[in-house]
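Undergrad: The listed protein sequences derive, respectively, from chains A and B. Numbered continuously in the numbering used here, the first sequence closes out at residue 113. Numbered continuously in the numbering used here, the second sequence closes out at residue 519.
Treat the hints with caution; some may be incorrect.
Said to hold, decoys possible - Under the rule of at most 20 Å between Cα atoms (straight-line distance), these lysine-lysine pairs were calculated in the PhoX-like manner: (1) A:Lys43 - B:Lys433; (2) A:Lys43 - A:Lys58; (3) B:Lys477 - B:Lys463; (4) A:Lys43 - B:Lys511; (5) B:Lys477 - B:Lys511; (6) A:Lys58 - A:Lys79.
To be verified - A few chain A residues that face chain B, going by a derived Cβ cut-off under 7 Å, partial list only: (7) Tyr32; (8) Lys43; (9) Val44; (10) Phe46; (11) Ser49; (12) Glu57; (13) Gly73; (14) Thr96; (15) Phe104; (16) Gly105; (17) Asp106; (18) Gly107.
Simulated from the structure, these hints should not be mistaken for lab results. All figures in this text were calculated on a predicted structure; none of them were measured in a lab. Glycine is no exception: its CB is placed at the ideal position from the N, C-alpha and C atoms.
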Amino acid sequence: EPEVTQTPSHQVTQMGQEVILRCVPISNHLYFYWYRQILGQKVEFLVSFYNNEISEKSEIFDDQFSVERPDGSNFTLKIRSTKLEDSAMYFCASTEIDQPQHFGDGTRLSIL
Amino acid sequence: SQQGEEDPQALSIQEGENATMNCSYKTSINNLQWYRQNSGRGLVHLILIRSNEREKHSGRLRVTLDTSKKSSSLLITASRAADTASYFCATDAWGANSKLTFGKGITLSVRP
Chain A
2 EPEVTQTPSH QVTQMGQEVI LRCVPISNHL YFYWYRQILG QKVEFLVSFY NNEISEKSEI
62 FDDQFSVERP DGSNFTLKIR STKLEDSAMY FCASTEIDQP QHFGDGTRLS IL
Chain B
408 SQQGEEDPQA LSIQEGENAT MNCSYKTSIN NLQWYRQNSG RGLVHLILIR SNEREKHSGR
468 LRVTLDTSKK SSSLLITASR AADTASYFCA TDAWGANSKL TFGKGITLSV RP
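Excised from the complex, chain B in its bound form (with noise of 0.2 Å):
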């Protein structure tokens, strides 16, 4: 089965909008992240929810998560070009620091 799957799979808004961008997965988790990559880049960790929680802010970002759905949103407000990139959810199992398993990605492009 696939886990951590984003939709939509490309999102084009302009400058100083909100973006969402959801994710859904299919067994039990211990961790959802959101992960941002920038063109040939490597991931830069942008947030971690547990699954014990149900939202999370953390700047201009906002996460949801909702566990009886298997389902995060990741929100950014006020957006600027330079938050384009591809985003990823990456979700984690029970046990110490175990492997994350990503989505195929949302392209986000903001336009100036």
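Chain A with its partners taken away, still in its complex shape (with noise of 0.2 Å):
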């Protein structure tokens, strides 16, 4: 069965440096999202992204977020300058259109 796949599975980054978390999501779908699992707590929606756009955000999507779409297979989340209470699960989904979200395993993302 197709997968969504994502890369790095963990992620250790110094406060106040780059990161991009990397997401191949199922090759027929065109709803694509980024959510977060902070440590014990509930899985939270950052964005979704269709048709090249962002789709909706939510208000952890601040001006330090950003998605991308650089090619037909991979989906990016970059977090421009990290603190850390961006320390979390990073999960990505997707999905055809009205069906349920499948979702990769996640990357770690550890904030020094």
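Make one complex out of these two single chains by using the hints.
TA: Written as structure tokens, this is what we have:
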């Protein structure tokens, strides 16, 4: 069965540094999402992306965050200047129209 | 307001018993979905129930939806130790492929 893949599985970064999290959605999917889960808390929506533009973003998704689909397969989340509170699991998801979202295994981001 | 609140927060049962988990939500929804998360892993989609459906089955899973009470239940029959995981309900609002709003999750432990 096709899967959403995310790399790296664990990223350790110094506070203030830029980080890029990468995702390869399922190939025929058109809708892409990023969510995050701070340890012990619920999964929170960050941003959705369709037709090469952001469809919706949450309050968390401020100017420090950006998303990009640089080619036909990758979907990236960039955090420009990381803060301690950005430490979390970041999940990418993708879907076809009106179907369940399929999630990757996540990237654990640790900010030191 | 909180959307997708599950109860109980933790459930411990013996292998072979049934597990019932409940979810309540506050605003109108399009679909309600249940996901499973094994420790340190991504979210695995279990079942989706649409707002015009009342009950759905998939293998050992049975989901009900009561839109008048804004609640859903997930029943896992004949539980196995491998069912040990966290379970989340997630709702999405009307609109094509809108974001998911997750509850805090239920930790299910199935004792062998």
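Undergrad: If a hint holds in the structure, say so; if it does not, say that too.
TA: The hints, checked one at a time:
no.	hint	verdict
1	A:Lys43 - B:Lys433	holds (17 Å)
2	A:Lys43 - A:Lys58	holds (17 Å)
3	B:Lys477 - B:Lys463	holds (16 Å)
4	A:Lys43 - B:Lys511	holds (5 Å)
5	B:Lys477 - B:Lys511	holds (17 Å)
6	A:Lys58 - A:Lys79	holds (14 Å)
7	Tyr32	holds (4 Å)
8	Lys43	holds (5 Å)
9	Val44	holds (4 Å)
10	Phe46	holds (4 Å)
11	Ser49	holds (6 Å)
12	Glu57	holds (6 Å)
13	Gly73	violated (19 Å)
14	Thr96	holds (6 Å)
15	Phe104	holds (4 Å)
16	Gly105	holds (5 Å)
17	Asp106	holds (4 Å)
18	Gly107	holds (5 Å)
Hint 13 from the earlier list is the only one contradicted by this structure; the remaining hints agree with it.
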